[in-house]
Structures are given as C-alpha cells and as structure tokens.
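Which chain is which? The protein sequence lines are A, B and C, in order. Here my numbering is used: the first residue of the first sequence is 1, the next is one more, and so on. Here my numbering is used: the first residue of the second sequence is 245, the next is one more, and so on. Here my numbering is used: the first residue of the third sequence is 646, the next is one more, and so on.
Since the hints were derived computationally from the structure, they do not count as laboratory data. Cβ coordinates follow ideal geometry from the N, Cα and C atoms, glycine included. Hints are supplied without guarantee of correctness; some may be wrong.
Label-pair restraints from in silico Cβ distances [as the list claims (entries may be wrong)]:
1. A81/A with Y277/B: 17 to 25 Å
2. L533/B with S61/A: 49 to 57 Å
3. S737/C with M282/B: 22 to 30 Å
4. L700/C with M350/B: 41 to 49 Å
5. K219/A with M521/B: 32 to 40 Å
6. E596/B with S737/C: 53 to 61 Å
7. T381/B with K701/C: 28 to 36 Å
8. M282/B with A131/A: 32 to 40 Å
9. K219/A with T381/B: 48 to 56 Å
10. T498/B with A81/A: 39 to 47 Å
11. N211/A with N705/C: 51 to 59 Å
12. N325/B with K701/C: 57 to 65 Å
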Amino acid sequence: MSDSKNTRRGFLAASATMAAGLGFVAIAPGIRLIEAASAQGKLASSKVRYGLLIDSNKCKSDCDACVGACATENGIVEKVANPRQRAQWIRKINLVETSTGKTHSLPMMCQHCAKPPCVDVCPTGASFKRADGIVLVDRHICIGCRYCMMACPYKARSFGHQALTTQNPEVPRGQGCVEACTFCVQRVDRGLKPACVEACTNGAMIFGDLNDPNSDIYKRIREVSSRQVRADLKLDTGVRYQGI
Amino acid sequence: MFTPNFRYKEGPAFYLLVAAGGLVAAIGVAAAYYMEHMGHIVTNMTNQIPWALPHVFAIFLIISASGVMMVASIGTLFGKNVYKPRARLACLLAIALLAAGLSVIMLDLGRADRLPVALTHLNPTSEFGLNIIFYPTFLTLTSLYLWTLMEPRMNRYSKTVDLANLIWRLMLTTGTGSIFGFIVARQAYGTAVLAPMFIISSFAWGLAIFLIIQRVLYGWSNMVLDPAVLKRMKNLLGIYIGAVFYFVSVYHLTSEYYAKQGDFEHFILIDGGIFPMLYWGGFVLLGTLLPLLLIFHPRIWPKPGAVTTAAVLVIFGALCHLYVLIVGGQAFPMEIFPGMTATSSFYDGAIEHYVPSLPEILLSIGGFGIVFTIAIIGARVLNVLPQDDIAQLKASGSLTD
Amino acid sequence: MFKRVLAVMLFSIAALAQPAVADAGRVPKPTPTIETPGQCVAPVEEMRRNHMEMLKHQRNRTMRMGERDTKVSLNGCIQCHASKINGSVLGSRDNFCEACHAYAAVKLDCWDCHQPKANYKATASAPPTMGLKP
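Chain A with its partners taken away, still in its complex shape (with noise of 0.2 Å):
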C-alpha cells in the first residue's frame, strides 16, 4: 500500500513538500476525507427513538446486576477515595411512599430525554442529542463547567473527578469531563441491547425502539400503565417507569 520510499523521507522533506504547496495542504485533506467517510455501517436514523422501559414491580431491592454490568461494560472500575466523587452512571434507588410506607427499588440513569436541559444550557454544545434520541457528551468539546449537572433534574450526571487510566477501549472516560449514561451507545449501533438491559436477569427492563409499532417496548408501553419521571417538567423522557 505504502512507498516504501516515502517512509523514509524526513519530516523536513515533508514539509518542504506542504510549503511549497499550501494550495494542496488546504484543500486535499477534506477530498481525502469524504473518500474515507463514504464507510460501512448504518448511521442514527431520527425516525428511531431508543427507550427504555423499567418495571420496578419485577427489580429486587437487593440487586444491581445492572450497575456492575454497567461498570464492566463502560470501565468506571476506578477507585476513587471520596464515594461522593465517584461517578456513578447507573444507580439503585430504593424509595418508601411517605404516606403509606409503600417500597420500591429501581434503576435510575440517564433518562435520554426528548429536551434534555443538559442540552439546552451546555455553552459550548458539547452536551447533544443522537438523531435516535440517546443524550451525550461530546468530550472533546466538553470544558467541565459542570452546568448540565446543576440542570439534569435526575442527578444523572458525574465529573471526571481524577484522571483514569482503565478505560475500555470504546468508551472513552477523563479527567475534567462531564459524563453519564450513553445508553450504551458502542453497543446499541452494533444491534445490542445495553449492558444493563442484557444483565437484568429479573425481565424488569425493556430496551427497544419508541417509535417502532413491532417492537417489544412499543407494545409493552400501550399495555401497560407507565410514567415519565418528574413528568411535570415536560422534558418527554426516553426512559419510563412502570409500578410506581
């Protein structure tokens, strides 16, 4: 593929080559780069709409399969010294009704929503919606202001507290960003399901497509009664509860 004579010209070389034609160095990468974007694989398409539907009636109070999946699959396998600096993508949270005493156990994260606040008060964009509804965060981008987590009513969000050396490979994590649930994104573009969804071994999570009549969730939602956490701010979440 390569000449094997021109990987031994020296950088000078090489740059003697560009200043002698800037014209070239400006225009060709962009040529060269539509070539390489014409790829493989299928784009997010805006008439998807992931979902996530949790029944807390089938999620055991004493189980979080799905936040060690969640760690396994993502690498926040760091050790963090302060718990209250450790980012948590996915969390149990066990609730008791003040009137009746009444408890539940369910997973909170990311509620992906259709207008998202993090999205909407990140200065520089770098908090943005797929065309398929997953909420993420570009953290090339991303300055670390820390504004997205004031304004996600769902605390779903940490800060790259401390630099990391144990990422996996297709989830990129640092110092200085803002992260959260990615709904498993590096999954869900390959056809999987999302960790947690795949660990649940209780059935209380169904992951799929909002917008497909065939699909499980679909159904399921016009079946069953469900709800969108702190429905009363509009925000048309992708994640919904049933049972509570």
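Dock chains B and C against the given chain A, drawing on the hints supplied.
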C-alpha cells in the same frame, strides 16, 4: 473651571499594595493550577455539589462588575454632579471585577485549557454560552465609555455610550440571574425573581466595593472624602441594602408559598445547619441590619471607618447570601420522586455537607487579589481618582439634602 | 488548518534562516517502531500529514452519527500500532504516537480519555457495594 490635581504623593504604599494584591492573586492561580493538574479530587466539590465556593465568588464578582457601573450612570445619565467625577474609577473597577470573576470561573473549569473551545463553540440556548457574547461586549462598551470620559473631544458621546452600556448591563445581569433562574431541576432555583434580585444586588455590591476602593485610594493619596459627598453615597448604599433585603425576602416568601418547596425553605431558614446560620447571622444581621445601623445612625456614620465597615459587611453578607443560594440550593436533596423518600449509593434523598477545601478557598480569594491588583495599578497609571470641587458642588446646589 | 499552515510557515522560515546548521548535536529524528508495516489505511506520506484531520473527521461522525467499524478509527490505529513490548502507543520514544509527538512537541490530548493500549479490557473490579450503598 476646576482643574483636578493629578499628582499623588508617591511612596512605598503603591508597591506594597500591588505586591500584596499580586501575591493573593498569584496564590489563587497556583491553587487553580494544582486543581487542574490533580483533578477536582483535591477539592470538596462532588457529583452532588458540582458548583461551590469558587462559583460563589465568581458570581459575586461578575454581578458587582455590572453594578459598580451604576455609580457612573448616576452621574452621566441621571445628572447627579456628585457622581460625575467617580465615573472613571467605576469603569476601572468594572473591568477589574469582570476580569477577576471570569478568571475564577474559568480557572475552576474541568478543562480550563479548552478556553478557546468555549470561545469558538457557542450554544445560543445556554445562558453560559450567551455570556460569551455578554461579557466581552460589556467590557468593550465600558472601555469605550471610559474613553469618552477621558478624551475631551469624545465627551459629547459619553451619555449615548453609557445608555447603551446600561441597557446591556441590565441584560447581562438578567442573564447571570437566569443561569439559576432557568434551572428547573432544583427547588432553590427556577424562579423569575432571581433576575431582578441579582440586578438590585449588583447595585448594592458594586457601590460597596466602590466605597472601599475609593477609601483605599484616598488613604494612599492622603486625601479626605468630603462628609457631604460621603453622606450622599452612604445614603444610596443604605437604600440599596434595603432593596436587596426586600427582594431576597420576596424570593424566600414566594418559595415558601409553593407548598412543594416548603421543605426546602425550612431547610435553608431553620434546620439546615450552616445555611440558616449564614442566612440569618451572615446576610441578615451582619450583611443587612448592622450596615444599616452604621449608615443611618446619626451619631455613628460620621465616625471614621463607619461607612467603610458597612461596605465591607455588605460584601460579607453578599457572599453569605450567595453561598446559601448556590451551595444550600444543592445541599438540599433534589426531589426526583415527590411523595417518597429515596436512598441510594449516589446520595439521593440525603442532605449534603460541603466544606470548602484549601485550593477552592485560595482560588476564590485570589479573585479579590486580581480585582485589587488591577484597581491599584489602574489607579496609578490612569487618572481615575475622584476629586471633588466642593465649593462648586455647593454653589450648584448638588450637595443640599 | 490555520494552525498547521502557520506551523509550516514558521518551520520554513526557521529552516531557511539556518541552512548551514549540521544535524550533529540536534535532537535525533524520531524512530517509531512500526509493528505491522505496509498495512496502513493510507500511504505513509498522507498519514503523516493528515492523520489528525482524518481522526477528527471520523470522531465527529462516530460520536454524533453513530458510524462504527470504519476504515479510519482511533482504535484501529492503536490495534495496529501498539508496541509489542508494552502493548501501548505510548510509553517511550519508541512507541508509535509518542515518538513523533515528543519530537514535534505537539501535545497529545487523545489519551486523557482514550485507552492507549490495544485489546485492553477493564477488569470488573467495581466497588462491591457500588449499586446499593455509598
């Protein structure tokens, strides 16, 4: 016509003041570098309280920057002669305060090295993003206005520029208030009253800072402020203090009125530990009532240092108030599931305890160091020292009560 | 782009200014170890000039549009170029990324968040009570 005397008494005072201010600022920057290098683990900011002490100070400085310009506008726009010689110093302080406030908030960023990203990527729905337009424009208008004051040929434009700047400042402070006003997630924020509250607060805090710096500069130059001038300025500060207290009360009362937020108000005002202490002791007693006494008691205010002490107390009260609003607003558990008590590994439903760490404190105080250093150097190289022609003011009736 | 043009211009000026300086005594040219030569996604010359543009372009498509398993990919680079000695593209002047970046004094920002080791898998040693208790 009255010609101001530009010659200050030179002495070691200038260098001592600059060295002191510069040292405080340098320590603040060093603390920020340490935070940046080690990560925010060296702070006590957490996933539960992501904004804390540096934000209290930064917001105080930024709001005061817009407020201190009122000193100038009262002279230029509203024609009060006593304030006219004070416009230049107000401009200098506004620039210093804004620079310091932005420095503190920028240095606290998780990725402070990405400042160029913040400047080149703008999300127009974000209050923070809009500030990238608000602040530099404010800086430009203030510098332009200062030029119209200092260049005689430009004098005739000063009113126009100041009017534009006044409108811009009101928008800017509304925007700063809306940083919190638009947060619907937490019980403490998400109310429209925050914007006017921040505006009136800016007037009080800006004037308090002005009075302190004016006192320092007069002391350095062996000058004495005429009691008649001081009386007018301290009376205005008193009115501002009262107005701030009114708005803060309205904020708490409206919040109390909504049944769902009763618990939050109870926390902030009664049983929230440090927060009721800072609110009642810091903001109400030391930051409002005591300054009002110092300012309005006929036998106390003329005493040397009374008004300056009042101004210092106003600033202390302001920081207490902002601390209660910003940190207290996060320490109270976010109500994700109304009507249920929540427990989790992420401290859902738990009241948070925050104690600022040393780097945070040093960075925050460093902000004041930056203000002070810029103000002192600016006052040395620019002709901004307010000098009153008392005879003329009295003759024109500007000093009658 | 602007930065690179500027860099080239400055570099050229510097090169013209001291044409007679001998190579002796200067920082030695980088000698990155190429583990699997001749299998790159583009010719060496082009990679040297444009790898950062290619990566930046692809990163935005992958992150914002979900385009996966593409010819250009940072993980692809690591997979091929990680050293057989320490499994990473970083670590010493022989490691692929560090070699040239250290020579050219261009800060590597990628590895603040991305994993520089090939075939790395975070071991599942999450805190035992991660989900239920603080």
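Hint check:
Checked against the hint of 17 to 25 Å, the pair A81/A and Y277/B passes, with Cβ atoms roughly 21 Å apart. Against the hinted window of 49 to 57 Å, the Cβ-Cβ separation of L533/B and S61/A comes to about 50 Å, which satisfies the hint. Judged by the Cβ atoms, the range 22 to 30 Å given for S737/C and M282/B holds: they are separated by roughly 25 Å. At about 28 Å, the CB distance of L700/C to M350/B disagrees with the hint of 41 to 49 Å.
With their beta carbons about 56 Å apart, K219/A and M521/B fall outside the hinted range of 32 to 40 Å. In this structure, E596/B and S737/C break the distance hint of 53 to 61 Å, their C-beta atoms being roughly 44 Å apart. Between T381/B and K701/C the beta carbon distance is about 31 Å. The supplied range of 28 to 36 Å therefore holds. Separated by about 38 Å at the C-beta atoms, M282/B and A131/A satisfy the suggested range of 32 to 40 Å.
Checked against the given bound of 48 to 56 Å, the beta carbons of K219/A and T381/B, roughly 54 Å apart, stay inside it. Distance hint check: the CB atoms of T498/B and A81/A are about 41 Å apart, consistent with the given range 39 to 47 Å. At about 25 Å, the CB distance of N211/A to N705/C disagrees with the hint of 51 to 59 Å. For N325/B and K701/C, the Cβ-Cβ distance of about 59 Å falls inside the hinted range of 57 to 65 Å, so the restraint holds.
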